[in-house]
Amino acid sequence: MIKINKVLLIAFIISISCINKSIKPEWIQKGFTHNQDQYNAVGVASWKGNFENTFQAAKNNARAELASTIEVKIISIIESEISEIVLNYDHKTYEKFKKFTTSKVNQSLPETKVKEWWQDKKTKDIWVYVDVPKSIIKQKAKETIQKWKKRHSTKIIIVINEKIDKKMVNSSLTKRIIEDKLLEEGYQVLNFSNEQKKEILSKETKKQIKFVKELGANILIIGNAESDYSSTDSAGTNYSYGNAEIKAIRVSDGEVITGKNISDMKGFGVTSDKSGNYALKEMAKEIAENMKEKLDKYF
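This note's numbering applies: residue 76 is where the sequence shown begins, and numbers increase by one.
Simulated from the structure, these hints should not be mistaken for laboratory data. By construction, the Cβ of each residue, glycine as well, lies at the ideal position given by its N, Cα and C atoms. Please note that the accuracy of each hint is not assured.
[To be verified] Label-pair restraints from in silico Cβ distances: (1) Lys281 x Val189: 54 to 62 Å; (2) Gly291 x Lys322: 16 to 24 Å; (3) Glu259 x Ile332: 13 to 21 Å; (4) Tyr169 x Met243: 19 to 27 Å.
[Said to hold, decoys possible] The calculated lysine-lysine pairs, modelled on DSBU-like cross-linking and capped at a C-alpha distance of 35 Å, are: (5) Lys148 x Lys372; (6) Lys99 x Lys171; (7) Lys238 x Lys322; (8) Lys123 x Lys179.
Given the sequences, and given the hints that come with them, work out the whole structure.
As structure tokens, this is what we get:
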């Protein structure tokens, strides 16, 4: 009799579990919540043809929701940690600081854990409930602050000798794209005059380093980028090919931190200038990413 009761009890528990699985959980309605120890968020994905893809999509959506919702809280943590520095920032620098820090801290969100999940039996949509410990967010915030401080004290001069069809370009597209990428990553990029640019380019490496050091730079990014017209097809599309050779030098000891050479980057456009600019732009994007990755290891 006792054995029968145990069997009945197990069957009852299983049936209750199945019933609960068919009912939409309460946490779905709550959405984003937080307690003393963690942040929680909910994500949903429509059926993707199989469970694995749908579940992963729901998890990604939950992480995205978590990231956007806790952004204000991340900023609050960061500002409380370095309020004395933030007060000294102008508006433009402060906005860069916020963008940099929140994006870097949000990169910790892959560490989120799936707490619960539920699937709608009719639609097959999957709901996922994730959480991330507040301690991780706070630690990442502190690490990011230190990274920002180090990068923001790093001053870079970028000098690019740029040509399109053998003609010198005064406002370098390559320089601008590299500069935008490094500013986005928290570095300072110093301005200089055309006369100073000419003087830097006219010197050999040791004298270049000495000159930019006097201008206050810690890093010199210098090199050549050019594109040349190649041909025009029957539809009137112009083609150019670009080549670049650019390196980053640490001013303190003259060490070449990184160098990037690109050959025969294809560009196209309705005019030779446009095809040349296209080739320069594609090279610059590749070089900027390379510079960012290499500098990240130092700063």
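These are the hints, each one checked on the structure:
In this structure the supplied range 54 to 62 Å holds for Lys281 paired with Val189, their Cβ-Cβ distance being about 57 Å. Checked against the hint of 16 to 24 Å, the pair Gly291 and Lys322 passes, with Cβ atoms roughly 20 Å apart. With their beta carbons about 19 Å apart, Glu259 and Ile332 fall inside the hinted range of 13 to 21 Å. Between Tyr169 and Met243 the beta carbons are some 37 Å apart, a value that contradicts the proposed interval 19 to 27 Å.
For the given pair, Lys148 sits about 28 Å from Lys372 by alpha-carbon distance, which is consistent with the 35 Å threshold. Simply put, Lys99 and Lys171 have alpha-carbon atoms about 42 Å apart, too far for the 35 Å limit, and the pair is violated. With a CA separation close to 17 Å, the supplied pair Lys238 and Lys322 stays within the 35 Å bound. Proposed proximity of Lys123 and Lys179 is supported: the alpha carbons are some 30 Å apart, at most 35 Å.
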